[in-house]
Amino acid sequence: MDISYIYLIPIIPLAVFLLLGINSKRIKPAISGYIGVLGMLSSFLLSIYAAYQYFFVSGKVNGEYKQFIDKHVWMNFTDTLHIDMGIMVDSISLMMLVVVTSISLMVHIYSRGYMKGDDGYTRFFAYLSLFTFSMLGLVLATNLFQIYIFWELVGVSSYLLIGYYYTKPSAVSAAKKAFIVTRFADLGFLIGILIMGYYTGTFDFETLNAVNPETGTLVLNWASASFMGLSVITWGLILIFMGGAGKSAMMPFHIWLPDAMEGPTPVSALIHAATMVVAGVYLVARLFPMFYFVEDGFALNIVAWVGGISSLFAAIIAITQTDIKRVLAFSTMSQIGYMMMALGVSGYEGHEGVGYMASMFHLFTHAMFKALLFLGAGSVIHAVHSNYLKDMGGLRKYMPITNITFLIAALAIAGVPPFAGFWSKDEILVAAFENNQLLYYIGVFVAGLTAFYMFRIYFGIFWGKEKEYEHTPHESPMSMAFPLLFLAGMSIVAGLIPFSEYVTADNKGFEAHLNYPLAAIATTVGIIGIALAWVFYKKENSLSDKYAKSFGVLYKWAYHKFYFDELYLFVTKKIIFNRISAPIAWFDKKVVDATMEGIGNKTVLVSEKIKGIQSGKLQDYAFAFIAGVVVLAGVFIYLWK
Amino acid sequence: MDFSSFLLMRHELILLVIILLLIVAEIFIPQHKKGSIVHLAIFLFGIHTAVGFLGMGDGVLFGGMFRTTGMIHFFKNVLNVGVFIILLQSADWLQEKIVAQHKGTEFFVLMFSSLLGMYFMISSGDFLMFYLGLELSTLPVAALAAYETSKRISSEAGVKLILSAALASGVSLFGISMLYATSGSIYFSEMAEMISVNNLTILGLILFFTGLAFKISLVPFHFWTADVYEGAPISVASYLSVISKGAAVFILMILLFTVFKPLMGIWENMIYIVALATMFIGNLFALRQQNMKRFLAFSSVAQAGFILLGIINGEQLGFATVIYFVLVYIFSNLAAFGVVQAISLQTGKENINDYEGLYRTNPKLSLVMMLALFSLAGIPPVAGFFGKFFLFTAAASKGYYLLVFLAVVNVTISLYYYLLVIRAMFLRKGENPIAFFTSKLYMRLGLVLTVLGIIVLGVYSPLYDYIFELSKGLM
Amino acid sequence: MIEGISIYEILTLTTIIFFIGVYGFITRTNLISILISVELIMNASVVNFVIINKYLYPDMLQGVLFSLFIIAVAAAETALAVSIIINLYRQIGSVEVKETEMMKN
Amino acid sequence: MDILTLFVVVPVITVLALVFTKDLKQARTVAMLGSIVQLGMAINLVFAYFKEKAVNDSIMVFTKDYVWFEHFNIHYIIGVDGISVAMLLLTAIVVLAGVFISWKTEDLPKEFFISLLILATGVYGFFISIDLFTMFIFFEIAVIPMYLLIGIWGSGPKEYSAMKLTLMLMGASAVLLVGILGIYFNSNADGGALTFNILEIAKVNIPFEAQKLFFPMVFVGFAVLGALFPFHTWSPDGHASAPTAVSMLHAGVLMKLGGYGVFRVAMFLLPEGAIHWNDFFLVLAAIGVVYGAFAAIRQTDLKYINAYASVSHLGLVLFALLMLNKTAWNGAIIQSLSHGFLTAMFFALIGMIYGRTHTRDINKLGGLMKILPFIGAIYVITGMAYLGLPGFSGFIAEMNIFVGGFQHPDMFHRVLTVLAVSSIVVTAVYILRLVGKIMMGPLETNNVENLPKATWYEKTGILLLLIPVIAIGVAPLWLSDMIMESIQPFIQGVIK
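Protein chains in written order, with the working numbering: chain A, 25 to 665; chain B, 630 to 1104; chain C, 17 to 121; chain D, 36 to 531.
Honestly, the hints are just simulated from the structure, not real lab data.
Take the hints with a grain of salt, since some may be wrong.
[What the hints assert, rightly or not] Under the rule of at most 27 Å between Cα atoms (straight-line distance), these lysine-lysine pairs were calculated in the DSSO-like manner:
| no. | chain 1 | residue 1 | chain 2 | residue 2 |
| --- | --- | --- | --- | --- |
| 1 | A | K573 | A | K635 |
| 2 | A | K140 | D | K60 |
| 3 | A | K613 | A | K598 |
| 4 | D | K238 | B | K1027 |
| 5 | D | K145 | D | K238 |
| 6 | D | K399 | A | K597 |
| 7 | A | K570 | A | K414 |
| 8 | D | K145 | D | K60 |
| 9 | B | K780 | C | K70 |
| 10 | D | K472 | A | K597 |
Make a model of the complete structure from these sequences and hints.
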């Protein structure tokens, strides 16, 4: 299969970025919007074509989806270690290509309406293209270092987009926070890469993941060296996962995600819901064979638990938030936790690998409906100029499209059949049930919570009592409505794609069947959640506050996101800034520098002290003269021998 | 003996003739154009300097009392050049201050006879000649130091110089008598064979050494230096700082390397100690000086300390490097003194902070000063760097790495106070900087010569190799 | 050769003279007397030369000659010193050594 | 006249030409022309080098050897390998940029450019010379003009800083001198003649005792210039007081002499000493890396922040050099180049900001992006490059260093590497703090209205520096291979 044209998919956005970025002042906003959309559209079509080619035409060779790799040396470290730049075409990368390009396209279109009249319009589109380029590069990466490179680029474009309103201090600090937290996580990633490089002598996924078909185990010898009772490779994987956790806002690196909502809503939809935040999931999936085989998936277990706990934790917080974008942010976190959990509990061979499949599946569907939710929320915010539930209510009659689409998305995420979320979530629960009961129950519980908080905001926004709006809200323009409709359509049909035949851990594909009892349980739980939300929020009433009180402390903690921000603030401000940095600065001034000073000053001081010797008295001189003679004589006649 | 061999004393004879001529001229030149005596003297001495460069063979006179070799010959020329530059730089001062008091001629007579003393000293073949040369070179300078009879500090300087010089020569005489006692001869050549390592000899060596150490102003025999430099006329100070120091170093090396070779084990360590003391004391005192003359006095003390690093080598390498350094040092120091001279002649200011903002009013002068100071501090690419570097090489070749290390520490200290002067001239603006002025021809010539020396001597490598060749003769 | 007096006694004497001179140089307050002390130092070595010549190396006269020259030079030195001191006296009307301490440090 | 000596001659000629200029206009024109010629020569040299290297595989190419002081066997020997070529290019670019940035030097312009070019002469000479003596001379020639440059045209406590800087650097060079003499007198260990010629000495194996004694001297002598902890304190004050162009040249080029010298002299000639002292100095370097970064967090003066950042980044260079393997050394060299460009850019930008707002206190600045879009954008880019963002040179350098360091077989070294790696986070912290404070956020500068936009010469200067940064960052292969192969002969001694 010829894959050279796939290079175009990332390169087009790059070209757009350079074009818009370099002469952002000269190009007219309208034009730049079109340039961005067109560029994105072409990438999108290309990736659709590529996906079609791969999945239906030439990808499958004797029952297995092959990897197609094309790479070129970019820099040499040693004779064996080098960074390659290239593309790696296989099922997950293509799946991601489709997700990224489609969502990005939608967001581009949406932004033309949403950002209209903003003075940084062109800059905005430039950033969007930069992000898309980086994300696509990340997806197509052939080795750890390439993925790390684009990983960082993704991070910086996220930084730029979060800080898009750079005159707003809150936006600036949010951007800073996002970058630094992820950077810290990436530290682990980098060290992990270094470990891999040192102990395996390669960065290539191909080599790292190579599975020996006979023995059905990893080719690479991971037991070579061990550190603190674990294989160093396991350490490497854990550290790499740390990077992934950072990007995917897993505990405890999640704190940047809610703040990231400071960015324009389309950005939140694209980066912080659909694509970038799932990079961590993608990374683990990329290295799945290693995660699975090295020390019987020790690292994989960690992934599973981190995922499960994060999803629960986030879902609980989401219930209490009042800023709808933050609610969505936490729901994103919880859904990604789902995916991580699915990967964590997955196996490798055939139906064993259902978790892997499910996680990819959920990644796909979630991208659709979560983007939809965000864009919907965006159009709501666009209409009422506020993020807070308290300023909203009864909007359904003003903005029907938004209402419907939002409802569809909500149903999808709540896992109500036949919407997309139902199918993927079901597979996840199946995987969890088969491998780890405890996680399964967490999963089910979270499903319920998800339905509840999602319909809480749904009702809060579109039903409930109307607020008095200074100017009556109206449906968004077509440029914003179209993406909503498109994504709504996707949210409905995406679930019907037989993922298990295309995207699996061993690339062989298998028959997936709906597990009716589990599905039934999940669905009921979802329905219950919705029903509760109905009871609480359909009409304006005080039930919610009453129950909130009854939860007392738990509610308070959840409301304050379990004080994670405060913790971080303490660590950075108090520890690093005041306890480490300040003393060092002081030490530098008062000790190191002062010593150098001291040497100089002492010299001058001495010369001041001894000036008396030159007394100007002839006879003192003579005395010194004679004394000198005597001393010399004494030394050389008596002492020396 | 045939009298052609007297030509070996060509330098001495010509200088003697010049002295006599000047005295005669003093008699015949009418009062109102005494000024011309200056031109005459400079002219004559210029010829003498030029003639000096004509080649001359080696040889010995008076049964070994007087000897000359290529090296000695070369060094006399070096001294000539130095004195010539000093004359050029002090010409204006003489015209304006001294001639008016009818003391022009005596100045030249005294300085020349002191130079004559140097000649005899460095080409002496026995201690008698050496002693006479020493005294002949010292006494006139004492008179010169006290030359500005109207100034109290000048007489003070004279008193201090003459008395401490007398003490020094007395002590070193005592030493010589001991050496005479142990070796039974005052001829260098015979002594070198007879001399043996025993306490009396060592004591003699030490006592004798002090005499020269006094002239080179090594610690602790240096105390007179600063006071005399400050009190004496600038030209005399510069004469003391380069010419008499240079000559003393020269003869000291010859004696140590040849006569006292057997005692090398002793004098090496002696030099080691004295060198350290000299460098540190010199630098530490220079650190705080405000008066340029005192400042240069202590800096020259420190420089003497560096010179010892070459002497400690005790071989041809050391000899050559020291001579080379002295040559460079003469030019550098004279450049500095020349600028001081020019400024104090114009404005009477001699303090460092009077120099503030000098660059903006008199850029040329301050550039000359900067070059001179860099050369003294040993900053490439000016000559001083090479001089110092070679000295260090000489010391290091004998494995005195610690000594070299302490020396470079001192270089850094010295850099500090040299930079203080540069700071005053370049960095500061100054409330009332010295107004712009132009010096007379002689002064300019003098400064240009020194600058040429500073720049050329370093980069022009054949010179060093030439010196090295010459110094073979003495070993 | 003086009968009954060995070189050691005389050398001791000269050494004593030498140190008397040094002592004088350091302690006297009057420039003239300092000058005189210098003379003592000189003379110590003059005697040394003569004695050493006579006792140890009688066959040549180097020492004696040397001593003659020293005497001459010492005379010149004294003359010069005295003239300078007189010059100082003209200005400050004193020949005290403590008057010569203007320049210091 | 051979192709390399021109690098010394052209600046000297420029200086002589400058002597006859009348006013600022003429002076800066002459200086600019001179620097452009140098840049041209440098670029030409790169191509010439590749052509020459194809046919001639000796360690150094374009070597010329003129006897200078016969008796000491001092020669004027010049030659280049890939590393010095890269360094020369760096120097040429930074010098030209510096001339552009100091386009409006009002006070004593002639003297300013003269000193600047003398400094350049020294640096060029240092990079091309193979003879220790010549090298040392150029080293000091490069250092001493700093005194005047900072003292006359500086700001703040300039006299103090200038004196401190000069004394510390000269003190270091004094120590270095002892080390060089030590090498010189051991260069006949195999019974040959004493020599200063690096390539000759490298063939000799100097006795271990001597190496043990002199390696620290040579290393420290150079490393002080590379801001080795704890001898870095001259650099913050020096940078803070220096005029913009001087900070650029100093941080951008002069400080590189340190790492380069360590690599060329200390590591090459005294390999056993290097191994013997490795751990000790490695710890110092590692401290410098982290310490500098943390110290930078706390500063409020833009220049101080950069000075400490330089301590951290150049600490990384020394750190890498002490790792004693090809990858790390490659990283060290690239880091030198990259830091050269980046820090020069930073100082240039700071100069522009200071020139407009008349303050360098980050608490008095804010939201400049809005009023100075070009400067703001470039500042952000520089910051991103500085914290090692892929696509810029900094990333290449750091990755080489970290991978190289982690390739070290010894556990202790790898642990220290991890420590050094952590500095990238701290770097991110202070860079973003800086960007967020002064470029973004609400406007805090008074007289906002009349801040002039960036002028053509400023833009030219900046772009000159930015282009190589991106070039290296996007296509590192040619550079890193060129350096890698040049390192080969130098690493031998250490490996065996």
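Hint check results:
1. A:K573 to A:K635: violated, 83 Å
2. A:K140 to D:K60: Measuring from Cα to Cα gives roughly 48 Å; hence the hint is violated.
3. A:K613 to A:K598: holds, 21 Å
4. D:K238 to B:K1027: holds, 24 Å
5. D:K145 to D:K238: This hinted pair is violated, its Cα atoms lying about 46 Å apart.
6. D:K399 to A:K597: Roughly 21 Å between the alpha carbons, so the hint for D:K399 and A:K597 holds.
7. A:K570 to A:K414: Distance of about 17 Å is within 27 Å: holds.
8. D:K145 to D:K60: holds, 10 Å
9. B:K780 to C:K70: violated, 48 Å
10. D:K472 to A:K597: holds, 16 Å
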